[in-house]
Amino acid sequence: MKISRDLTDWTLTATGGPVPADLAGVPVPATVPGTSHTALLEQELIPDPYLGTNETSLAWMKRTTWRYTTVLDEPPAAPDERVDLLFEGIDTVSTVVVDTDVERTGVGQGRINLGRTANMHRSYRYDVRELVGTPANLVVDLDSALETAEAEAQRLGTRPMAYDQPFNMVRKMACSFGWDWGPDLQTAGLWKPVRVQRWRVARLAQVTPLVTVADDGTGLVDVRVEVETSGLSDAGPLTVDVSVGGRGLTIASQGGDGSARTLQLTGRLEVPGVDLWWPAGHGEQPLYPIEVTLYEGNGEDRSEPLDAWSGRVAFRTVEVDRTPDEHGTRFTFVINGKPVFVRGANWIPDDHLLTRITRERLEQRVDQALGANLNLLRVWGGGIYESDDFYDVCDEKGVMVWQDILLACAAYPEEPPHRAEFEAELRENAARLAPHPSLVLWNGGNENIWGHEDWDWKEPLGDLTWGAGYYYELFPKVLAEVDPTRPYSDGSPYSPGFTPEEMHPNDPDHGTHHQWDVWNRVDYTHYRDDVPRFPSEFGFQGPATWATMRRAILPDGAAEAPPGFKESEVFLLHQKAEYGNLKLDGGMAAHLDVPGDFTDWHWATQLNQARAIQYALEHYRSWWPRTAGAIVWQLNDCWPVTSWAAVDGDARRKPLWYALKHAFADRLVTVQPRGADLVAALVNDSDEPWTGQVRAARTTLGGEVLATSGVAAEALTVGPRSVTLVPLDGDLVAVGDPANEVLVVTLGEARGLHRWAESKDLALDPAPVRATVTAEDGGYRVDVTATSLALGVTLLADRLDPDAQVDDQVVDLPAGTTAVFHVTSRGLDQDALVTRPVLRTENDLVTRTAS
Numbered sequence: 075m076k077i078s079r080d081l082t083d084w085t086l087t088a089t090g091g092p093v094p095a096d097l098a099g100v101p102v103p104a105t106v107p108g109t110s111h112t113a114l115l116e117q118e119l120i121p122d123p124y125l126g127t128n129e130t131s132l133a134w135m136k137r138t139t140w141r142y143t144t145v146l147d148e149p150p151a152a153p154d155e156r157v158d159l160l161f162e163g164i165d166t167v168s169t170v171v172v173d174t175d176v177e178r179t180g181v182g183q184g185r186i187n188l189g190r191t192a193n194m195h196r197s198y199r200y201d202v203r204e205l206v207g208t209p210a211n212l213v214v215d216l217d218s219a220l221e222t223a224e225a226e227a228q229r230l231g232t233r234p235m236a237y238d239q240p241f242n243m244v245r246k247m248a249c250s251f252g253w254d255w256g257p258d259l260q261t262a263g264l265w266k267p268v269r270v271q272r273w274r275v276a277r278l279a280q281v282t283p284l285v286t287v288a289d290d291g292t293g294l295v296d297v298r299v300e301v302e303t304s305g306l307s308d309a310g311p312l313t314v315d316v317s318v319g320g321r322g323l324t325i326a327s328q329g330g331d332g333s334a335r336t337l338q339l340t341g342r343l344e345v346p347g348v349d350l351w352w353p354a355g356h357g358e359q360p361l362y363p364i365e366v367t368l369y370e371g372n373g374e375d376r377s378e379p380l381d382a383w384s385g386r387v388a389f390r391t392v393e394v395d396r397t398p399d400e401h402g403t404r405f406t407f408v409i410n411g412k413p414v415f416v417r418g419a420n421w422i423p424d425d426h427l428l429t430r431i432t433r434e435r436l437e438q439r440v441d442q443a444l445g446a447n448l449n450l451l452r453v454w455g456g457g458i459y460e461s462d463d464f465y466d467v468c469d470e471k472g473v474m475v476w477q478d479i480l481l482a483c484a485a486y487p488e489e490p491p492h493r494a495e496f497e498a499e500l501r502e503n504a505a506r507l508a509p510h511p512s513l514v515l516w517n518g519g520n521e522n523i524w525g526h527e528d529w530d531w532k533e534p535l536g537d538l539t540w541g542a543g544y545y546y547e548l549f550p551k552v553l554a555e556v557d558p559t560r561p562y563s564d565g566s567p568y569s570p571g572f573t574p575e576e577m578h579p580n581d582p583d584h585g586t587h588h589q590w591d592v593w594n595r596v597d598y599t600h601y602r603d604d605v606p607r608f609p610s611e612f613g614f615q616g617p618a619t620w621a622t623m624r625r626a627i628l629p630d631g632a633a634e635a636p637p638g639f640k641e642s643e644v645f646l647l648h649q650k651a652e653y654g655n656l657k658l659d660g661g662m663a664a665h666l667d668v669p670g671d672f673t674d675w676h677w678a679t680q681l682n683q684a685r686a687i688q689y690a691l692e693h694y695r696s697w698w699p700r701t702a703g704a705i706v707w708q709l710n711d712c713w714p715v716t717s718w719a720a721v722d723g724d725a726r727r728k729p730l731w732y733a734l735k736h737a738f739a740d741r742l743v744t745v746q747p748r749g750a751d752l753v754a755a756l757v758n759d760s761d762e763p764w765t766g767q768v769r770a771a772r773t774t775l776g777g778e779v780l781a782t783s784g785v786a787a788e789a790l791t792v793g794p795r796s797v798t799l800v801p802l803d804g805d806l807v808a809v810g811d812p813a814n815e816v817l818v819v820t821l822g823e824a825r826g827l828h829r830w831a832e833s834k835d836l837a838l839d840p841a842p843v844r845a846t847v848t849a850e851d852g853g854y855r856v857d858v859t860a861t862s863l864a865l866g867v868t869l870l871a872d873r874l875d876p877d878a879q880v881d882d883q884v885v886d887l888p889a890g891t892t893a894v895f896h897v898t899s900r901g902l903d904q905d906a907l908v909t910r911p912v913l914r915t916e917n918d919l920v921t922r923t924a925s
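Heads up, the sequence shown is in my numbering, so the first residue is 75 and it goes up one at a time.
These are calculated hints, taken from the structure and not from any lab test. Because the structure is a prediction, the values reported are computed rather than measured. Don't be surprised by glycine CBs; every beta carbon is placed ideally from N, CA and C. Keep in mind that the hints are not guaranteed to be accurate.
[To be verified] Here are the computed lysine-lysine pairs in the DSS-like style, where the Cα-Cα straight-line distance is at most 25 Å:
#1 Lys-266 / Lys-412
#2 Lys-412 / Lys-640
#3 Lys-471 / Lys-412
#4 Lys-657 / Lys-640
#5 Lys-640 / Lys-650
#6 Lys-471 / Lys-657
[As the list claims (entries may be wrong)] The calculated label-pair distances, taken between Cβ atoms and stated as ranges, are:
#7 Asp-462 / Asp-399: 35 to 43 Å
#8 Lys-551 / Thr-169: 53 to 61 Å
#9 Thr-169 / Arg-900: 25 to 33 Å
#10 Trp-134 / Thr-169: 20 to 28 Å
#11 Asp-667 / Ala-133: 16 to 24 Å
#12 Thr-892 / Arg-321: 50 to 58 Å
#13 Thr-89 / Thr-130: 20 to 28 Å
#14 Gly-670 / Gly-571: 50 to 58 Å
#15 Arg-900 / Glu-652: 36 to 44 Å
#16 Thr-169 / Glu-547: 27 to 35 Å
#17 Thr-573 / Thr-891: 33 to 41 Å
#18 Asn-372 / Asp-399: 50 to 58 Å
#19 Asp-877 / Ala-326: 34 to 42 Å
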């Protein structure tokens, strides 16, 4: 059987570049997987780059060269034994060397170059059989990825990109170079395991199970096995056993001829009567273990196992309906023959220092996605091909995954060696991820086709390549060979069935759509200007939670912000968006008066972020099935920052998270315009009918009823996975005083509000609630009752206890209604919990009050 040993203990040395004098040439203990940043942090030789202005002080690291060294001390290889050195991931540009000290030992071969690497998204394997038996130094010399990219831009010609550094010229995580939400740290290191593997005769080089379901419900597993023979002996016949769901399959091949070569073995396993895997909210997620074992010989003459592979598969079908209709071109996910409305968020690497991401952390984040009623995460193209841990968790919990191929916001060269590197990384990762049922789409990249059309690239590009050969030729060709069971899209956004010349790639009526005029240029009410078929990226900014800011950004962990903090160096270093604060203020000004006090500004910007996205989502959901999903930018952060995320870099839920939870609820009541009229859109995204009496009332903000309606005399039923529109007319909408009236529509426990004026123009009571606190197991129950219309009722409990969590936020309460909040905490001041600045409303931000 193949034997593997991880090489974890290394030494790191800075070998060149603008290194501080106290670190230059100094060996430092380093754990692998790891990077230069994590090694120096573990030894307390650099400050935490996420705190204060430390990111700036560590800029020297991105032009530094590094050396990782360990001792390769392996017994000599047996005559028929291969010994391989496997690097699962090197970040990024390196030379790998085995250095035997001939003078000291009198044996060995001196310095042997194993290879050169320049792609962190793939693995590298080297045969070191002839180099073991004598202790030797294993050395990995890492060049500056930035300087390599700059040299490549000089060689091939600069291509347009969204930022100043040529991230498109090297196969490294693009956001390593900084993004409008991420730091510019540019890690270097051995970011995945390094292993010595010893094996005989043959090994399983790649196992790819491709799963489909026949019309009669039989599960079909097409198993593709790539076997490498050692070339050290005449192998007999090779046999592969496959087992899934109590069924078995044997695949046999002829023996080797004594040469090292790769064999391709295939077979189909049929599993009758399988249970189907469904996305969260649509059914269960049964997973079937799969085991693949390689032997020499067949029948009773088999050897002991040479190698084995195990994983899990699930049975489901997936397609994307992209057929034309009267509105344009659909983009609807169909799982097991059932159209599914996608409730999604974009996903970025959960820590900029990737080696600190654990399965536990990923599970927490996926649980937060489910808690916000999401059913899909889009792994964005400027990050990484996510780990098997990420996909395992999504498999188990029913969260669909859309995986971008790793290109984002730039023109990419197609000349050698770039095209070959793209092909190698895609083949490896497509095969690796194939077993995961959660993977439902491969996407050609992020905003590159759109950028080519709209971002003034064509003139500076001239005749230079920019990536078209990838999106339209290479990627679909590779995926058709490696993973034909899943749909592929050319890019996001794109218009299916059209060239960019025939139809703009960001046309909202066709395929996927990115909406960034909102946030960048216009107010969030403009979300209603279009009825996009599938908005796959849109978002609105807000700062991190107060506890996160206090830990990482506020000076010396101060309880409150000093004067001028909003424009301070440290705050702006953690606000990466161009003109970010101006856009935050501008996006708020139409709805609220922009506060001068930082504490109020912090609350107002978080609230406005939540309001903007909830406004968009309720609009999109009201148009199902024409609009077939929505993917918000973004779920998570990779460090403490003002950003579009719903969960900040310290894993705390921002008010936006609660807005997602409300807007993506299975059952939703929202008041929407249809032409010049108003309707109640009743959204039922569940498998059960929703039956009840729809009630509506126009009242004053203080609760005086001005008009009521049962809307319909009989109970109304909203069918499963459907939307029913109920007209709102007559006295219900005959508003007399827009500043002092509100429309409330309910169906069962679900409630929707409509206002005829923005908050800053409403006659809101600045103190519209009464609150009581009761201790309960694990924390507190807070009952909040509205004495007048109370908008956005929220408990910012992390201001009192950084570990405190609240089950709900941003709750709108008509006069006379009560909301119950549960606060989890070790202990906090109960009076402070229900007073400002912890208990907040939208009302307390408005200067106009009722007369």
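- What are the numbers of the hints that this structure violates, sorted from low to high? Violated: hints 1, 2, 6, 8, 9, 11, 17, 19.
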